[in-house]
Amino acid sequence: MLVCKDITKSFGGLVALRGVSLEVKKGEIVGLIGPNGSGKTTLFNVICGIYRPDKGVVYFKGEDITGRKPYEICKLGIGRTFQLVKPFKTMTVLENVMTAILFGRSKFITMTEARKQALKWLDFVGLSGMKDKVAGELGIASLRLLEIARALATEPELLLLDEVMAGLNPVEVSRVGDLIERVRSDLGITIFWVEHVMRAIMKHADRVIVLDRGEKIAEGTPKEIAYDEKVIKAYLGEPYA
Amino acid sequence: MLRAEVYWKSLLLAIPIASLASAPFLLKSAYFVHFFSLLFLFLALASAWNILGGYAGQVCLGTGAFFGIGAYSMMLSLKANLPLYASIIAGGIAASCLALLIIPLFRLRGIYFAIGTLFLPDIIRTFVLYFSDVTGGAMGIYLPLIRDPLFAYTFLLAVSVCTILVTHFLVNSRYGLAMRAIRDDQDAGEMYGINATKLKTVCLLTYAFLCGLAGSGYALYMGFLDPYTVFHLTWSIAPVFMCIIGGQGTIWGPIVGSIIYVVLSEQLTFIVGELHLLVFGGILIAVILLAPYGIVGALKRLSSNFVREWKACSYAKT
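Line order of the protein sequences matches chains U and F.
Using my numbering, the letters of the first sequence correspond one by one to residues 1 to 241.
Using my numbering, the letters of the second sequence correspond one by one to residues 1 to 318.
The shape of chain U in the complex, shown without the other chains (with noise of 0.2 Å):
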């Protein structure tokens, strides 16, 4: 589904990533973990078009999108979550999935239909009760979850999550796992996640990926890597039990 090759970015004299490949098949549920400043998040904004590479190519189902605007890869089926929420913060809840319905995709969608689909999303992600609330009065969980309704509006094939249990409590964790897993088998959508959570990644990723100083240091099941040496002294300090 998603295929990058050999990307290269650097900011000035600092390279935020080198030479990073990777794939994220159709399904998977794929986990980007790596120590602060590692890349984690350059990568996710050179996929969905915020930053050029300055070498490499990234395919999304075989077409290559390297360098297309935000808005358009939005359109082909990538969306995205962002570790700071950036909601729009003095719309309504409702308004802020509307938008991303009506934007978000390549056919066009009636006003009335738009409000029927996202009262489905906010159904979806359990945020029903405030749809009329003002997105910038709601708390950091339900700006979350305000995050993947509005990411999972656009209809998406591919979902990244950027580090979307930031500031939960473990009851929410837990809450927020099993909504990605919903994801992925009501929905069958892909997700390729970036998470400094690793009780969340350990349980529901199919498959983790590191990135350390921008480049992958490793890659395998969640068990593989929580015993790889190169993980531990440069992310986990010790064995992930």
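Among the hints, a few may not be true.
Claimed, not checked - To give a feel for the contact side, a few chain U residues facing chain F, derived at Cβ under 8 Å:
| no. | residue |
| --- | --- |
| 1 | Gly-13 |
| 2 | Leu-14 |
| 3 | Cys-48 |
| 4 | Met-98 |
| 5 | Arg-150 |
Claimed, not checked - Mimicking DSSO-like on lysine-lysine, the simulated pairs with C-alpha atoms at most 27 Å apart in a straight line are:
| no. | chain 1 | residue 1 | chain 2 | residue 2 |
| --- | --- | --- | --- | --- |
| 6 | F | Lys-311 | U | Lys-75 |
| 7 | F | Lys-300 | U | Lys-116 |
| 8 | U | Lys-120 | F | Lys-311 |
| 9 | U | Lys-89 | F | Lys-311 |
| 10 | U | Lys-25 | U | Lys-61 |
| 11 | U | Lys-89 | F | Lys-198 |
| 12 | U | Lys-86 | F | Lys-300 |
| 13 | U | Lys-120 | U | Lys-86 |
| 14 | U | Lys-86 | F | Lys-311 |
| 15 | U | Lys-133 | F | Lys-300 |
| 16 | F | Lys-311 | U | Lys-116 |
| 17 | F | Lys-198 | U | Lys-69 |
| 18 | U | Lys-69 | U | Lys-89 |
| 19 | F | Lys-300 | U | Lys-131 |
| 20 | F | Lys-198 | U | Lys-107 |
| 21 | F | Lys-300 | U | Lys-89 |
| 22 | U | Lys-131 | F | Lys-311 |
| 23 | F | Lys-28 | U | Lys-133 |
Bear in mind the hints are in silico, worked out from the structure with no lab data behind them.
All residues carry an ideal CB built from backbone N, CA and C; glycine is no exception.
Model the placement of chain F on the given structure of chain U, informed by the hints.
Chain F alone, transformed into the frame defined by chain U:
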């Protein structure tokens, strides 16, 4: 049910417009015409600014350039023997052309965009002064027709009503959602499929065209243009002031703001002369501190809080 609502709303809208349109013919008061022409002019500018600045979040401090280029283009078209209505439209078109030239400024965001637009009126004024054989330079330019304040009044009324209707239909459409989305967060908006540059360009063109028409109306009303008045900073700052006072990103905000501005500036000038600007400064500070969303924004919040409380109470009772 919806259709009946539309009828009622149209009727509610039609009554004040019809009475304003017929009032000068019944009252025959020159001051009335002067006062309301000024009000409609500022209302049109403020409402147009509200589309770009209030809803789409692109603060433009160069309204005077679009306004002035509209006024001058109307005059010059008339001089070139174009028919009256064609000349009026020419004012709007000239302003839109200027807008097309400044599209690259959208590479700047927030305050940097605002600063980039601040010097537009000065640049246009320099051109007007330089090509003095066409524009009359610092001597100014006279309307080649007999000045008809009643026609100007009616035209300015039409422009302001038009501007409010355009705002209404734009913001209640899907594009209204997109405009507010990129105002709140442009990066997120683009990630969810909004072509921000295109959207901002459409807003800018609409705003510029309406400001150009308002400029045409001003030229018709005054019958005389001089570059130092037409490109004065007032034309750029007053619309922003009115929107902040009244409430940016609301339809009623610019209406309330422009009424306050015009009433106060007319009345206070009699009493304290130029010192009235000091009063405006005071009002601005007070509004920003006490009601950061403007008067209309504050009322909206109050009423929605009231509704929420009221609902909570009625739940408690049952």
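Here is how each hint holds up against the structure:
no., hint, verdict
1, Gly-13, "25 Å, violated"
2, Leu-14, "21 Å, violated"
3, Cys-48, "7 Å, holds"
4, Met-98, "6 Å, holds"
5, Arg-150, "6 Å, holds"
6, F/Lys-311 / U/Lys-75, "40 Å, violated"
7, F/Lys-300 / U/Lys-116, "26 Å, holds"
8, U/Lys-120 / F/Lys-311, "25 Å, holds"
9, U/Lys-89 / F/Lys-311, "24 Å, holds"
10, U/Lys-25 / U/Lys-61, "10 Å, holds"
11, U/Lys-89 / F/Lys-198, "22 Å, holds"
12, U/Lys-86 / F/Lys-300, "25 Å, holds"
13, U/Lys-120 / U/Lys-86, "21 Å, holds"
14, U/Lys-86 / F/Lys-311, "30 Å, violated"
15, U/Lys-133 / F/Lys-300, "14 Å, holds"
16, F/Lys-311 / U/Lys-116, "24 Å, holds"
17, F/Lys-198 / U/Lys-69, "13 Å, holds"
18, U/Lys-69 / U/Lys-89, "24 Å, holds"
19, F/Lys-300 / U/Lys-131, "18 Å, holds"
20, F/Lys-198 / U/Lys-107, "18 Å, holds"
21, F/Lys-300 / U/Lys-89, "17 Å, holds"
22, U/Lys-131 / F/Lys-311, "16 Å, holds"
23, F/Lys-28 / U/Lys-133, "51 Å, violated"
Of the numbered hints listed earlier, those contradicted by the structure are 1, 2, 6, 14 and 23.
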